[in-house]
Amino acid sequence: MRSVPRSMAASVFVCLCGAAHAEPARGSRILGADSCATSGCHGGAGPNRGAHSIWLNYDPHTSSAATLGNGRSKAMAAQMGLDGAAESKSCTICHAPNRQVDPSMFAAGADRAREMNSVSCANCHGGAENWILSHTRDDFPRDALAQLGMRQLGSAYQRANNCVACHQNLSDELVAAKHPPLVFELDGLLVAQPKHWHEEEGFSNARTWLVGQAVALRESAAQALREPGEIRTAEIEAIKELLRAAGAEFPGIGETLVSEADAYAKRVSAQPAKDGEALAILTRLAGNREPFGKGAFASVAEDHRMWAAGHYAERLALAIDRLNETCGKPIADGLVNDLFDAAMPPKAFDAAVSGGFSEKLGIVAQALSSAP
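In terms of my numbering, the sequence shown has 272 at position 123, counting the first letter as 1, and numbering is strictly consecutive.
It is possible that part of the hints are untrue.
Said to hold, decoys possible - Below, computed lysine-lysine pairings styled on DSS-like, alpha-carbon distance capped at 27 Å: (1) Lys344 - Lys443; (2) Lys496 - Lys223; (3) Lys443 - Lys423; (4) Lys443 - Lys478; (5) Lys327 - Lys423; (6) Lys496 - Lys327; (7) Lys344 - Lys478; (8) Lys496 - Lys415; (9) Lys344 - Lys223; (10) Lys496 - Lys423.
Said to hold, decoys possible - Simulated DEER-style distance windows between Cβ atoms: (11) Asp424 - Pro343: 27 to 33 Å; (12) Asp287 - Pro400: 43 to 49 Å; (13) Ala412 - Ser448: 47 to 53 Å; (14) Gly378 - Glu236: 25 to 31 Å; (15) Pro400 - Glu376: 42 to 48 Å.
Note that these hints are calculated values from the structure, not bench results.
For each residue, glycine too, the CB sits at the ideal point set by N, CA and C.
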């Protein structure tokens, strides 16, 4: 597997996940990451014992605020008329989410300096004051933990909801300031992140990918209602086409599309995976060259159809990379790499690039059909 797919690099290291809900559950204050760090809890060895150590030493979420001081962030802040990225909620909401949290929500003894400069435990799991003792008990119901403020992240749907706000949603203002583009691909993000958890029985990478794409569609449709435009429409149609090729149809528009995509993501996340599902999806995606043919994306304004095809190609390359890995690599790494190389950014996608990508996709499809 590619350690961090090209198109996801910005998403993993520039706009870090977990800040979709910066404020912990009402009444459950933040204890700080150090409250998880004892050797008998998440700072030791063995299953579920090394989570804090992995986060602290290997996870880029630990230093997410550092990005706000680099040259690119300074240039973006200047273009947006901000005094600095580190002082603007537009930037800190994802890179330093605890700066938005009311000081009263930090428990006495919490290391606020660290909490202010990272995407920390509380941003993904919730403030732990009310549940830190209860969550160590195997017999304590998860629903009860959720009521105490512990965010449940066991399902693909729950994880997607927790991460998508910072791994996909960019305002028009941030796009105009040349923020790196974000392509939300849940399964790839989970694989790229240093893993401080273990998957439960029945976990499916293919289902995780499907849920992530549906949530990406939901968010794109919702954002188009807030900030409509041709690029938003092109993005929506590209994701819809990818999901259609995978076997899911979304006929609605506007609020109806938001609801359809959310319901699909929730339903698929709750269903057990089917035998051979990943290979079936991979085969359908690799064999679908219609998005690069004449008449593709007819519902998109003509001058944005290539943008839609480019966004589709970008997401398709990521999908084939992940599903190929899940299926035991029936497609050689070199062919997948060639597909990535052919997937230019949407703004650079033209007829010649589209033809080249389609040709590479045909080679991938042939290799897959010939695999033992």
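For this session: For the pair supplied as a hint, lysine 496 and lysine 327, confirm whether the alpha-carbon distance does not exceed 27 Å.
Result: This hinted pair holds, its Cα atoms lying about 13 Å apart.
Exercise. How does the Cβ-Cβ distance of aspartate 287 and proline 400 compare with 43 to 49 Å: does it lie in that range?
Worked result: With Cβ atoms ~45 Å apart, the hint holds.
Exercise. Taking only the CA atoms, is the gap from lysine 327 to lysine 423 under or equal to 27 Å?
Worked result: violated, 41 Å
For this session: Would you check the hint for lysine 496 and lysine 415, treating anything up to 27 Å between C-alpha atoms as holding?
Result: violated, 32 Å
Exercise. Going straight from one Cα to the other, do lysine 443 and lysine 423 come out at no more than 27 Å?
Worked result: Given pair lysine 443, lysine 423 is violated - Cα atoms ~35 Å apart, limit 27 Å.
For this session: Would you check the hint for lysine 344 and lysine 478, treating anything up to 27 Å between C-alpha atoms as holding?
Result: holds, 22 Å
For this session: Given the range 27 to 33 Å, decide if the beta-carbon distance of aspartate 424 to proline 343 lies inside it.
Result: Because 30 Å falls inside the window, the suggested range holds.
Exercise. Does the structure keep lysine 344 and lysine 223 at a Cα separation of 27 Å or less?
Worked result: violated, 31 Å
For this session: Given the hint of 47 to 53 Å, check if alanine 412 and serine 448 actually sit that far apart at their C-beta atoms.
Result: Violated, at about 22 Å.
Exercise. When you check the alpha-carbon spacing of lysine 496 and lysine 423, does it fall within 27 Å?
Worked result: violated, 37 Å
For this session: Take a quick look at whether lysine 496 and lysine 223 sit within 27 Å of each other, Cα to Cα.
Result: holds, 24 Å
Exercise. Given the hinted pair lysine 443 and lysine 478, is their alpha-carbon gap at most 27 Å?
Worked result: Since the Cα atoms of lysine 443 and lysine 478 sit roughly 31 Å apart, the hinted pair is violated (cutoff 27 Å).
Violated hints, in rising order: 1, 3, 4, 5, 8, 9, 10, 13, 15; the structure is consistent with all others.
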